[in-house]
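Chains as they are written, first to last, in the working numbering: chain A, 304 to 623; chain B, 304 to 623; chain C, 304 to 623.
This list has only true hints and no planted wrong ones.
Identical chains share a label here; the pair holds if one copy fits it or two copies do between them.
Derived pair list, reagent style EDC-like, types lysine to aspartate or glutamate, alpha-carbon separation capped at 20 Å: (1) Lys397 to Asp591; (2) Lys622 to Glu328; (3) Lys327 to Asp623; (4) Lys435 to Asp587; (5) Lys435 to Glu593.
Note that these hints are calculated values from the structure, not bench results.
Model, not experiment: these values are computed from the prediction.
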Amino acid sequence: MKNFTSVYDIDNLQEIIAKALKIKENPLENPTKGKGKTIGLVFLNSSLRTRLSSQIAAQNLGLNVLTLNAAQEAWNLEFADGTVMNSDTVEHIKDAIEVLNQYCDIIAVRCFAGMKNKADDVNESILSQFLKHAKVPVISLESATRHPLQSLADCITITENWTENRKPKVVLTWAPHIKPIAQAVGNSFTEWMQQMDVDFVIANPEGYDLDKNFTKDTKVIHNQDEALKDADFVYVKNWSSFEDYTAMPKVDENWMLSNEKLELTNNGKVMHCLPVRRNLELSDEVVDGENSIIYQQAKNRIFSAQAVFSEILDEINSKD
Amino acid sequence: MKNFTSVYDIDNLQEIIAKALKIKENPLENPTKGKGKTIGLVFLNSSLRTRLSSQIAAQNLGLNVLTLNAAQEAWNLEFADGTVMNSDTVEHIKDAIEVLNQYCDIIAVRCFAGMKNKADDVNESILSQFLKHAKVPVISLESATRHPLQSLADCITITENWTENRKPKVVLTWAPHIKPIAQAVGNSFTEWMQQMDVDFVIANPEGYDLDKNFTKDTKVIHNQDEALKDADFVYVKNWSSFEDYTAMPKVDENWMLSNEKLELTNNGKVMHCLPVRRNLELSDEVVDGENSIIYQQAKNRIFSAQAVFSEILDEINSKD
Amino acid sequence: MKNFTSVYDIDNLQEIIAKALKIKENPLENPTKGKGKTIGLVFLNSSLRTRLSSQIAAQNLGLNVLTLNAAQEAWNLEFADGTVMNSDTVEHIKDAIEVLNQYCDIIAVRCFAGMKNKADDVNESILSQFLKHAKVPVISLESATRHPLQSLADCITITENWTENRKPKVVLTWAPHIKPIAQAVGNSFTEWMQQMDVDFVIANPEGYDLDKNFTKDTKVIHNQDEALKDADFVYVKNWSSFEDYTAMPKVDENWMLSNEKLELTNNGKVMHCLPVRRNLELSDEVVDGENSIIYQQAKNRIFSAQAVFSEILDEINSKD
Numbered sequence: 304m305k306n307f308t309s310v311y312d313i314d315n316l317q318e319i320i321a322k323a324l325k326i327k328e329n330p331l332e333n334p335t336k337g338k339g340k341t342i343g344l345v346f347l348n349s350s351l352r353t354r355l356s357s358q359i360a361a362q363n364l365g366l367n368v369l370t371l372n373a374a375q376e377a378w379n380l381e382f383a384d385g386t387v388m389n390s391d392t393v394e395h396i397k398d399a400i401e402v403l404n405q406y407c408d409i410i411a412v413r414c415f416a417g418m419k420n421k422a423d424d425v426n427e428s429i430l431s432q433f434l435k436h437a438k439v440p441v442i443s444l445e446s447a448t449r450h451p452l453q454s455l456a457d458c459i460t461i462t463e464n465w466t467e468n469r470k471p472k473v474v475l476t477w478a479p480h481i482k483p484i485a486q487a488v489g490n491s492f493t494e495w496m497q498q499m500d501v502d503f504v505i506a507n508p509e510g511y512d513l514d515k516n517f518t519k520d521t522k523v524i525h526n527q528d529e530a531l532k533d534a535d536f537v538y539v540k541n542w543s544s545f546e547d548y549t550a551m552p553k554v555d556e557n558w559m560l561s562n563e564k565l566e567l568t569n570n571g572k573v574m575h576c577l578p579v580r581r582n583l584e585l586s587d588e589v590v591d592g593e594n595s596i597i598y599q600q601a602k603n604r605i606f607s608a609q610a611v612f613s614e615i616l617d618e619i620n621s622k623d
Numbered sequence: 304m305k306n307f308t309s310v311y312d313i314d315n316l317q318e319i320i321a322k323a324l325k326i327k328e329n330p331l332e333n334p335t336k337g338k339g340k341t342i343g344l345v346f347l348n349s350s351l352r353t354r355l356s357s358q359i360a361a362q363n364l365g366l367n368v369l370t371l372n373a374a375q376e377a378w379n380l381e382f383a384d385g386t387v388m389n390s391d392t393v394e395h396i397k398d399a400i401e402v403l404n405q406y407c408d409i410i411a412v413r414c415f416a417g418m419k420n421k422a423d424d425v426n427e428s429i430l431s432q433f434l435k436h437a438k439v440p441v442i443s444l445e446s447a448t449r450h451p452l453q454s455l456a457d458c459i460t461i462t463e464n465w466t467e468n469r470k471p472k473v474v475l476t477w478a479p480h481i482k483p484i485a486q487a488v489g490n491s492f493t494e495w496m497q498q499m500d501v502d503f504v505i506a507n508p509e510g511y512d513l514d515k516n517f518t519k520d521t522k523v524i525h526n527q528d529e530a531l532k533d534a535d536f537v538y539v540k541n542w543s544s545f546e547d548y549t550a551m552p553k554v555d556e557n558w559m560l561s562n563e564k565l566e567l568t569n570n571g572k573v574m575h576c577l578p579v580r581r582n583l584e585l586s587d588e589v590v591d592g593e594n595s596i597i598y599q600q601a602k603n604r605i606f607s608a609q610a611v612f613s614e615i616l617d618e619i620n621s622k623d
Numbered sequence: 304m305k306n307f308t309s310v311y312d313i314d315n316l317q318e319i320i321a322k323a324l325k326i327k328e329n330p331l332e333n334p335t336k337g338k339g340k341t342i343g344l345v346f347l348n349s350s351l352r353t354r355l356s357s358q359i360a361a362q363n364l365g366l367n368v369l370t371l372n373a374a375q376e377a378w379n380l381e382f383a384d385g386t387v388m389n390s391d392t393v394e395h396i397k398d399a400i401e402v403l404n405q406y407c408d409i410i411a412v413r414c415f416a417g418m419k420n421k422a423d424d425v426n427e428s429i430l431s432q433f434l435k436h437a438k439v440p441v442i443s444l445e446s447a448t449r450h451p452l453q454s455l456a457d458c459i460t461i462t463e464n465w466t467e468n469r470k471p472k473v474v475l476t477w478a479p480h481i482k483p484i485a486q487a488v489g490n491s492f493t494e495w496m497q498q499m500d501v502d503f504v505i506a507n508p509e510g511y512d513l514d515k516n517f518t519k520d521t522k523v524i525h526n527q528d529e530a531l532k533d534a535d536f537v538y539v540k541n542w543s544s545f546e547d548y549t550a551m552p553k554v555d556e557n558w559m560l561s562n563e564k565l566e567l568t569n570n571g572k573v574m575h576c577l578p579v580r581r582n583l584e585l586s587d588e589v590v591d592g593e594n595s596i597i598y599q600q601a602k603n604r605i606f607s608a609q610a611v612f613s614e615i616l617d618e619i620n621s622k623d
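Generate coordinates for the entire structure from the input sequences, incorporating the hints supplied.
Below, the structure written as structure tokens:
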């Protein structure tokens, strides 16, 4: 694995899930694999789970960890190429990356969608700079359009929770929010589910269809109740309009997942990537209920990260 | 020791002081006690001594340390139960704690009094959430009403500085400030002194009496000069009114501790938890004077923390 | 080496450069030299390279690292002596340093020029407090008037890039900026070049002469083209007026280093300490061009720091 920014960087999804589950059994089985190597965790945005789980995963492998809260600790970054830097940006992202090349064996970066300019976000204006200028492996800690370490943790969690001898039905359902939220988690979960042996459908209101480049042939249903029917797993997540970018078209029905809605499912397990807006996206009773596997997902972020770091280290070590 | 949030979590105060002093002689005597374990240091408020001493103590024991500046690095937290999260809070404290449960073997948290609502502070609205939802031991790095690691360091410091064969007289004296400050340090020092073999009195102006639930039978004197007479230790600290919560009733006398005031004491040692407002709470000459043991207190924060972490680890390791 | 705040703390410049180059060959050759010792990295200002390279250097030597972003994580600091602290500063720098004395074996601090009061900056109002109150070695991570770890990295980089059997010509040239910038890098580079076996000249517009206490007998030329002629190394850096402190007198000529200007040199290598304002200080084509050794300089920050930390540790260990 050269970089890790989407499911398409994975050779064999079942193998990496199995690897992560083995790591979960004994997280310290390779405590020196990363010895003498440094991972730089660069945060251009807020982070709790990603920040902590990445640090734990790196420590479990013996990697040195450098954490950089770019905006608060370093300099205001310029992202546009060729610009005359005579305004309030102090350092070009290109130079910051070239310096990280000198200091790190792996660069991991969190860079949310800017939600200002659709083309910038669709084209991953920030992550693409890392991929262009990094001379070491790049790992996405969530980018404008994807959140792959979350999605791998989601696949691990579904695998752990499915023992029946048939394909589970997995529903990704939109939920309400008060602010325009990026499509990254929805897009990414969709791509990973397309590679899993599951029946996958997406439920969202009219006007909220995800980018066709991610949904492809996945069935999109505009009626939540219909979609939830017989679901074995329900993944809840808000996103704003992709077509009318960042808009929040009015939704008349109540899309918040409640216990009542959950009764439509096949005793479905409830998933969310967190942070969750309680009683807006999900009711308290669902988050705290027996069907919630939300915190298990959070825990699996460690093993998702550790499996990926481990594969990247294998690649690096094979060249040493 | 299951949790550590007040003196009442200590079985035997003299024993833990002795343990801390032994650690001070050789801080690295148990460098692998915390191996493979992780402590999460969660800061909801500013911190210098607590931040650094906790990290050193944890490193001395071989613990992995995760530091989270919650407000700046993660998400704006919601503390109210049952609320519809349709405003500016992004993650419920309950969910953050449940995630920390997945990532940490010990959770340590700093959560000051909000100084907005008396009942919230008295009831420890934030720390109580940690105690309710944490599935791992919780350590207070200062909460709304107490600062127990500071108080233990204070007990260690008094013990180190007392060799006479009689009880020392210890005075906690209020000092001026320009802003309403929480009672946590005053409350906490009071509780710990009540368990120490000392003569303890509190001096504060009228209107500034601490919560009776902390002072109990401790003598409270409203005349500073009278209280300071023959004091062996003088602990200086500001707090705002508890009764008229956060008010700062006018004080006519000058309560700043000066060398002149210090002459009333029995060559009393001067203590302060820091940060100190020089020439407002204490004069420069006192902070920098021969009687000041303020920096020794700061140093003992390491051994206070290390003794507590060590006891918590003993409990965890006994269950492994 | 007791402290490290300028070239004058170095006994033998050639020796420490040689030492750093040896470290570069094998950064992990002394992985336990700092064992059981703690370095506190105190940032009063932003930092990317200094922050990361110092952490790497410390880790390579087995030092424990405590990083403190003073303003964001701790308290608003007071720097004036004798002041009544009844305003918005919460902790005196003197007390913060005394506490760091208790916690650290080495204190490293970044404290930029305030650019408000010339005398404060010239007298190093902040660094001088560290040198006065610290009881452990102090390392400057850039102060009001100098950036010595950068300058040492610059000397290492020049040494690596010079194989001819004659003195190289090194030019420090001023470059345009939009804000008043401190003279620290310019001063510091000047002082170190004066100790190197090079022909050194400074080029800057009229009104931008550096402090004579730093330039001494170094030739200062007000015509960039003339200065660049036959240069083997061109160090580009902006600074504001020292004489009319923080002023930015109008400059009619274009001082931005472009490929056209570079043709005046002897195929000169281009240096900059970063962050760089692209197309303002240097053109994109120069930063990204073949003559740029800017990222090599950034890499050498690790070995500059590691050589200095190593010497300081030798001194500490010799006293243990």
